[in-house]
Amino acid sequence: MVPAPWILTCVKTMPKKNLVTALNEGLRSELAENPDVVVLGEDVGRVGGVFRVTAGLQEEFGSDRVIDTPLAEGGIIGAAIGMAMYGLRPIAEIQFSDFIFPAFDQIVSEAAKYRYRSGGEFPIPMVIRAPVGGGIRGGHYHSQSPEALFIHTPGLKVVCPSNPYDAKGLLKSAVKDNDTVMFFEPKRVYRAVKMEVPDGPYEIPLSQAKVVRPGEDVTVIAWGAMLFEALAAAESAQQQGVSTEVLDLRTLWPVDVESIMQSVRKTGRVVVVHEAPKTCGFGAELLTLVSEHAFLHLQAPPKRVTGWDTPFPYRLEQEYLPLQHRILPALLETAAY
Amino acid sequence: MVPAPWILTCVKTMPKKNLVTALNEGLRSELAENPDVVVLGEDVGRVGGVFRVTAGLQEEFGSDRVIDTPLAEGGIIGAAIGMAMYGLRPIAEIQFSDFIFPAFDQIVSEAAKYRYRSGGEFPIPMVIRAPVGGGIRGGHYHSQSPEALFIHTPGLKVVCPSNPYDAKGLLKSAVKDNDTVMFFEPKRVYRAVKMEVPDGPYEIPLSQAKVVRPGEDVTVIAWGAMLFEALAAAESAQQQGVSTEVLDLRTLWPVDVESIMQSVRKTGRVVVVHEAPKTCGFGAELLTLVSEHAFLHLQAPPKRVTGWDTPFPYRLEQEYLPLQHRILPALLETAAY
Amino acid sequence: MRRPSIFLREGIPTAIRPDGTLDRTHAPDISTERKRELYVAMLRTRVIDGRLERLQRQGRIGFHIGSLGEEASILGSAMAMGAQDWIFPCYREFGALLSRGFPLQSYVDNMFANANDIVKGRQMPDHYTSRAHRFGSVSSPIGTQISQAVGFAWAAKLKRDPITVAVYFGDGATSSHDFHTGLNFAGVYGAPVLFLCRNNQWAISLPSNEQTASQNFAEKASSYGVAAKRCDGNDVLATYHTITEALGYIQREKKPMMIEMLTYRMGGHSTSDDPRAYRVDDEVDRWAKTDPLVRMRRHLEHLGGWNETDESEAKQAVEQELSQCIERAEAAPPPELDTMFDDVYQTRPPHLQQQASQLIHGPRAVDPHLR
Amino acid sequence: MRRPSIFLREGIPTAIRPDGTLDRTHAPDISTERKRELYVAMLRTRVIDGRLERLQRQGRIGFHIGSLGEEASILGSAMAMGAQDWIFPCYREFGALLSRGFPLQSYVDNMFANANDIVKGRQMPDHYTSRAHRFGSVSSPIGTQISQAVGFAWAAKLKRDPITVAVYFGDGATSSHDFHTGLNFAGVYGAPVLFLCRNNQWAISLPSNEQTASQNFAEKASSYGVAAKRCDGNDVLATYHTITEALGYIQREKKPMMIEMLTYRMGGHSTSDDPRAYRVDDEVDRWAKTDPLVRMRRHLEHLGGWNETDESEAKQAVEQELSQCIERAEAAPPPELDTMFDDVYQTRPPHLQQQASQLIHGPRAVDPHLR
Ligand SMILES: Cc1ncc(C[n+]2csc(CCOP(=O)(O)OP(=O)(O)O)c2C)c(N)n1
Ligand SMILES: Cc1ncc(C[n+]2csc(CCOP(=O)(O)OP(=O)(O)O)c2C)c(N)n1
Ligand SMILES: [Mg+2]
Ligand SMILES: [Mg+2]
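Residue numbers (my numbering), protein chains in the order written: chain A, 1 to 337; chain B, 1001 to 1337; chain C, 2001 to 2371; chain D, 3001 to 3371.
Errors might be hidden in some of the hints.
As the list claims (entries may be wrong) - Taking lysine-lysine pairs in the PhoX-like style, the calculated list, with each CA pair at most 25 Å apart, reads:
1. D:Lys3229 - B:Lys1172
2. C:Lys2157 - C:Lys2254
3. A:Lys266 - A:Lys176
4. B:Lys1176 - D:Lys3157
5. D:Lys3254 - D:Lys3289
6. D:Lys3159 - B:Lys1176
7. D:Lys3229 - D:Lys3157
8. A:Lys210 - A:Lys194
9. C:Lys2229 - C:Lys2315
10. B:Lys1266 - B:Lys1016
11. C:Lys2229 - A:Lys172
12. B:Lys1176 - B:Lys1210
13. C:Lys2229 - C:Lys2289
14. A:Lys266 - A:Lys16
15. A:Lys172 - A:Lys194
16. C:Lys2229 - A:Lys176
17. B:Lys1266 - B:Lys1176
18. A:Lys176 - C:Lys2159
Hints are computed from structural coordinates only; laboratory data are not their basis.
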């Protein structure tokens, strides 16, 4: 974990709990509220997850509720679907989102289509949690951000919180949601950001974006770990006289189109930031939505600042990621267009 | 197979060979030219493929070159990767692109990244053929168009011919290419279109789009089976005084940006058509590329006419597909904007 | 053309002897009335299969995937299950669904994918489901139901509900990922699953002996610490008996079990397939001699519980019911356009509301006769 | 805390007796010199492991995944392979790569992901490869190399090249999809593959007996018609012997074989893991008594082929060589920025040319000290 110094400075609230703790609390609270909630995945029990997000839960709720599974993501999701059909509320963990692909068939061909193809007989209310993103020296297979693949799949919801407070509230909403929710956790933020998080239960509704910094000249859309990069770039842009509105999507799909359009109609300029490769990333969808909904308001070409179209590199990851030094020029150029 | 009458009328050349025959010839010619080429997949040998694309090849080249495999797409692609590493040129068939997901991990985590992650030690020259698209009453699982998932994955090339002539030439180029090529065959076109195809070998280079109908007022980008719908809509638009330029991408990735921009700079208006669900489909990427490269030339919001964001339906498939009756209004609106 | 050679019936006990008498050690202790029910269920399935195939030839339905020759394996297993038990189907088990009381009309509506279809015309024919009948959802991708059935059964175990979940799959499906993960998870967690491998000797054009180098499919279970047995899947009583014992084992031992039901696919893979391209007639003829209906009928006749009149009356009854169902199903309208956007999510999000309105108020509204 | 119980060494023959003498029925007939080479290779591996772990603690490298306790299974198998044979690694087999003559400097460059790294700094440390050394490409996703090794071996068979391909994987990997498809394909096509299951009894925090309900891992092979044996993976000579025989079988019978090498992961899963959270010390202590280095050293001493001086000289030699390599590797620059865009495709397409130029002429050019 390489916490860039700006991560801490961007969050203005008093440091209190980090993302891991907030998620852990969210899980604990759902397990406690509803006896049908079960957590399953590799190393989630005994050891509490390789990132410790599920720490202590097996001790508290027993190994029938917090279950260590064999090394088979396809089996985890296939079994979780069956559990959801029976009436449980499974929360499946995929150790790294890079390892979600053995489960891709069960997610995309099955979970996503189950309610539809069965004429509504079998909804699949389940949450699939997985750490995403780079910046922790994970190279190819511990750094990817596969959200676009799931957004392209009708039937799935996709969530990616950027901070501990939102994470807990969104996780609780996701568990209560009656659809299958992909819940992506920015691993770079796990321990890098601390903020005040209530001990008690609360929910943050899905599909509501949040303006985390109001601005006038240009809108930047981000989520997860890159939100902090966008915020840092916005701060720098301000110093150069450009006022940036920063939108944290929080739920990626179904996305909060209204909030995006409201901001873009105001600023007339938009930049989207994501870690995933540029081509066919979620950025393309967002910018196309903007063109479709707010064409006449656009005063500059919509811009993407993203990961390059290469596999995720190890040594040069800081050059791969769309960090603030790449976002800033995009903001300035767009504002000056 | 429901061949719409306009399919036949849109192709102006003398009917001769259909897509199945052209692909069969392309495979035969590669098998004959290069002893390292092998074909493998479910039911490709004895029976010549469920669409008969590989008919007769096992008889001609033997069961060591044209191989029936067990029912395991992951095994087919995993083994094909190993074969390619050894120096063979595998052409793997996935019976329907809907069944590619058990192989998704081997394609996305392995084949796509192999050359890169091994520092160039192990290129994976292989072709993965799969029928795509709807219109043959296949419902959920015999109709999908998953190209966007592979375009989003750095390291893969993606091809989708629309007609027999291109198909044979593109297939031969794909087999000779030293990267992994996803070769999607529009199954609705398999037997619906006939045209003159030379008996001898020829190649069509990858990454070259083709203007199949020149026009002045609006550009429509399509590929595969939807090309014919776009052509039909363009014909109808012409009758209403709108001149449409129709671009057949042929290779989806790396896409021929130059040809697209040339057309859009001329017309200032663009509509993209695809069968896949709208959200995060390749249309979003194409339209974003247009915004990025030709923003000042755009005189109307770029438009998408696509499959809906639902699983692919059975009974209502003609209402799901972006057929000419949905493309035509998009052309007219865009032209009139 | 090679043929399955290692997948023979050697060592697999039969219940019904060639002369129609019974080997009681391998047969269930059930009434003649129940036996008639078993036979009628098989007969019904066969009659329906024949009619649906004709409908497909006539272009009146788009597709059918039948169970010709496999009726004993399907009905012998399904009808041995308890009412509380669940079935996760492959795609040839419409007979099992009907045996649970699912209305024939509903099944035929599914074949026509009309407005009354339980899956709202969204899937190909023969992709039925019914929660009320404790019957999972048919899916085309091979094998995916296996790990789901395991999760379902495991959930029941966690909830302490004493049910068993039977999951059907073919010989080809043993090569799938989900066979591997499903059996492994079931073994590890002791999920009450009955794995039913319907070995009909072919996976489209691939014979079983090229699907795997193992001696048979049952032995694959030991890899996972799962008990297994083979049974004569063309002998409905032997199958019923084996399944009854397996259900007892599963609930007694709190462990899964796998049964390989050895049978034969007498017809094409589906109405899209012509098996003459890859297999020889004498193999089919040989298997025709073990026709499960003929064998069971002989037994019933031996018991004095069946005769020519029963047979023709039973057939006619099905044909008649079927004709009525087909008439109604064919006359029913297609699903409403708007239903295309239901059930993607529990509630329709804005983007789908928008798309629905585009469809309904778009060109389709102007020219409703487009197809 | 539960512990593996069923995965014990009962019935598995050893070659080296506790007193250092040999049971010749289970030992290879090799010279003392060769035995010294085996021992030195193991020793070298252990020394390197120790040093890399320290480097990681110091933050000088990002990660290391070692083979502490598993040296005999890795070296005993790799060094029994022929020069023409190929190895498809899991991720703990750097010792195998070095035993094939891969320069230590190159390995250390890989650990530092510098400009000289054979994989150009693109993967995490310990993700090496070398075509020249007939050594596949380490990949993080578990199991994927298995079906690839099968395809590779199958290709060799189709080309009539008499080579064997050994593929390493852990006990956890037997649950992966590719274990299933790989063994199945190998069985069906008779691919000359040696499946090497390095059963170190843990998959991160999951003990082997919760990975599967099967009695052991070797028995899984019979599902696929693949022969299998277990060996004492902490006895380098027993391992070498078993592998030699397996290689003979594979080439003679033109069939695959699987060997389960029973060993124990003495350290954490990797430098990111602390095993004290999930396993008890007395289990570790018990296994420490079967330390493969101690056992082999005892045998060499018994043969009069090794003494304290040999030991310290050997260690020192490795330490010295290692120090030099580390010094050079640490001083080497990172890969050139522009290399980020190589090898995605054989030639760089326009969009990557454009992106490369954006990176190189972008903010990075203005502020080269950004990291
Ligand atoms: C994942 C996947 N791959 C391929 C197919 C195409 N396909 C449909 S049925 C079938 C053969 C299945 O054979 P088996 O499991 O023996 O069942 P049977 O049809 O004999 O009852 C194949 C290859 C599919 N439906 N799903
Ligand atoms: C597909 C996949 N899932 C999860 C992981 C995370 N992971 C890395 S190693 C490992 C355990 C592997 O255990 P085993 O196969 O026994 O090998 P060992 O580490 O013991 O040598 C896990 C779960 C992964 N790398 N790939
Ligand atoms: Mg079969
Ligand atoms: Mg292990």
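Structure-based check of each hint:
{"no.": "1", "hint": "D:Lys3229 - B:Lys1172", "verdict": "45 Å, violated"}
{"no.": "2", "hint": "C:Lys2157 - C:Lys2254", "verdict": "9 Å, holds"}
{"no.": "3", "hint": "A:Lys266 - A:Lys176", "verdict": "35 Å, violated"}
{"no.": "4", "hint": "B:Lys1176 - D:Lys3157", "verdict": "23 Å, holds"}
{"no.": "5", "hint": "D:Lys3254 - D:Lys3289", "verdict": "39 Å, violated"}
{"no.": "6", "hint": "D:Lys3159 - B:Lys1176", "verdict": "20 Å, holds"}
{"no.": "7", "hint": "D:Lys3229 - D:Lys3157", "verdict": "23 Å, holds"}
{"no.": "8", "hint": "A:Lys210 - A:Lys194", "verdict": "19 Å, holds"}
{"no.": "9", "hint": "C:Lys2229 - C:Lys2315", "verdict": "34 Å, violated"}
{"no.": "10", "hint": "B:Lys1266 - B:Lys1016", "verdict": "35 Å, violated"}
{"no.": "11", "hint": "C:Lys2229 - A:Lys172", "verdict": "45 Å, violated"}
{"no.": "12", "hint": "B:Lys1176 - B:Lys1210", "verdict": "21 Å, holds"}
{"no.": "13", "hint": "C:Lys2229 - C:Lys2289", "verdict": "24 Å, holds"}
{"no.": "14", "hint": "A:Lys266 - A:Lys16", "verdict": "35 Å, violated"}
{"no.": "15", "hint": "A:Lys172 - A:Lys194", "verdict": "19 Å, holds"}
{"no.": "16", "hint": "C:Lys2229 - A:Lys176", "verdict": "42 Å, violated"}
{"no.": "17", "hint": "B:Lys1266 - B:Lys1176", "verdict": "35 Å, violated"}
{"no.": "18", "hint": "A:Lys176 - C:Lys2159", "verdict": "20 Å, holds"}
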